[in-house]
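A.B. asks: Those protein sequences? They're chains C and D, same order as listed. Numbering of the first sequence is given in the numbering used here, commencing with residue 1330 and proceeding in unit increments. Numbering of the second sequence is given in the numbering used here, commencing with residue 244 and proceeding in unit increments.
Rather than coming from a laboratory, the hints here were simulated on the basis of the structure. Every clue listed holds true.
No farther apart than 20 angstroms at their CA atoms in a straight line, the calculated lysine to aspartate or glutamate pairs in the EDC-like style are these:
no., chain 1, residue 1, chain 2, residue 2
1, D, Lys440, D, Asp466
2, D, Lys398, C, Asp1604
3, D, Lys347, C, Glu1490
4, D, Lys374, C, Asp1502
5, D, Lys439, C, Asp1604
6, D, Lys440, C, Glu1603
7, D, Lys426, D, Asp339
8, D, Lys347, C, Asp1502
9, D, Lys380, C, Asp1502
10, D, Lys403, C, Glu1603
11, D, Lys398, C, Glu1607
12, D, Lys440, C, Glu1607
13, D, Lys426, C, Glu1491
14, D, Lys398, C, Glu1603
15, D, Lys440, C, Asp1604
16, D, Lys347, C, Glu1491
17, D, Lys374, C, Glu1491
18, D, Lys398, C, Asp1593
19, D, Lys403, C, Asp1604
20, D, Lys403, C, Glu1490
21, D, Lys403, C, Asp1486
22, D, Lys403, C, Asp1593
23, D, Lys374, C, Glu1490
The primary structure of each chain is shown beneath.
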Amino acid sequence: MSRFTWFNATALTFGFAFLYLPMVILIVYSFNESRLVTVWAGFSTKWYGELFRNEQFLDAAWVTLRVAFFSATIATVLGTMAAYVLVRGGRFFGRTLFSGMIYAPLVMPEVITGLSLLLLFISINLDRGIFTIILAHTTFCMAYVSVVVSSRLVSFDRSVEEAALDLGATPFDAFRSVTLPIIMPAVVSGWLLGFTLSLDDLVIASFTAGPAATTLPIQIFSSVRLGVSPEINALSTILIGIVALGVVTASLISKRNLVRQARDARRAIQAGAEDAREARAT
Amino acid sequence: MNQPSSPQTPAQPAGPGPATAFHPWDDPEAVPLIRFQGVTKRFGDFTAIDDIDLDIYPREFFALLGPSGCGKTTLMRMLAGFESPSLGAITLEGRDIVRVPPHKRAVNMMFQSYALFPHLTVEQNIAFGLKRSGMEKDAIEARVAEMLRMVQLQKFATRKPHQISGGQRQRVALARALAKAPKLLLLDEPLGALDKKLRQQTQFELVDIQEKTGTTFVIVTHDQEEAMTVASRIAVMNEGRIAQVDTPGRIYESPASVYVADFVGDVNLIEGNARPIGQGMAEIHWREGVPAIRGQAAEPLAEGDRATLAIRPEKITVSRERPEGRNNVVQGRVHDIAYLGNISTYHVLLPDGVIVQALVANSRRIARRDFTWEDEVWLSWSDTAGVVLTR
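Make a model of the complete structure from these sequences and hints.
C.D. replies: This is the structure in structure tokens:
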């Protein structure tokens, strides 16, 4: 199965080249001395310096981070609530309709979502800016959060919540002190998912952004239309670096969890054996 | 209470000591702790509980026994407050609790899955209910320490549930449910996840703890041996109704119906036409040309009623010669022998094709056994050993 063959090696090389060659080129040219993207003229980090002096880019980056943070946070709160009601609320009138509707933004073309939000904002005379982008991003991030959280809630042993009620916790207390800590990993990954989606959204943001606020993807897209500059390469390299850092951290954490689970299982077996020994001794 | 003192006598309610006097259900003055009155529960078209009346007294260890789907779990969940009856009333100490939500009931439950909080330590699990009862911090700590001592888990107080063994988790669940000193403790198949040896040992620990704390226990189980071992009274349930409520001894020795006789323990059922012969006894004419067999009638019956004689395998004597002076005698051929070590079950084929099981203790080693396959044998039992049932 895991034998080395020329076919395997070739498939691997081409597959990874297809995925990563464009990024490698982008990163290499971000350290290019020349202004021309396609001509190598020696190593330099000057475009990184240029980037950090570019007010437009820095403003856009700050707007993007704020939008991502607030929309992910609001979406997490609303999405978790929606998931909880849809999974735990029992059968109430219109439940099937609601659970279908909460997932609709996942499959809705972004252009439609963006356009309809734009029309809404115009019709209620809402000035477009950072606030409208946050609203727009919250709507579609919420759908993702509720998908992630409800799949966790479905696989969750209901009797743990019942035990909390049985021991005197009010329904809200049971949610706060038992349900929420247990579903926390899903809530956090819902937040991260929302944050990332908001970070790289171009279509919806360009419909709902106003002259007062531009996000980084919009900024990059519009400046590339005037020609690719090495500054963009530098910016993209930084973004790739951040994403790679996130992925590596996540995999380290999950590896550590696996190790911890194995250790807990071992301790459980030892605890049982210790108990049996003591029972024999007395 | 009237619990067996040793595992050798699992079904005997008459234990030693003064505790044998505990039978409040016979006392017309006794006030029940829980009272179900005409309780019915429907889920859509399905009737899970069908018009049940039931009294459970303080300090009882009460078992709800039945196959899965008989409604025993629904009945328990109504006591905890997770289900409410469609009809009827449930009272706890005389107060209607139907509309009281679970977190305001002086009732605690031990769940089948244990339902421990995975993110809290053993200590924090036990303290969870105490913290919500507005207790002082010092008092909580003292109570948690007391509970840990009771279930012998002091050493594992700071572990998380997945860092201890299954048997220890079961004890944490018990300690957590008892920490608030509830008036009533509900146990939903509490020992189902344990292996056989640990289960038997834990049954006696449960009885011990129940006696020490004086709490009323209601246990749901499908395991009749478990119910017999721990309970002061058993309610045998069938399809949402209660088939019989009685002490383990009476459930086993004086079943009220064929269903109860068959569900609890092994039994031979011989059907025929009944004839009362006085003094609460009845004869059953079960086949042409052979003498009738007799037993104690469970309820008054008329001549010609269809009835069933229920006779337990261990009450039947197997012999080579026809026994003298016994009314209940049948002849057959040894069809099969199930050797279980301490006992053997003989499956004896009667001429009309009925198989009767007889239990024989193997007081001799295997090579010296009296009967073997295809031997002609006589089966006999005393007049009062069997019960004549009409239901």
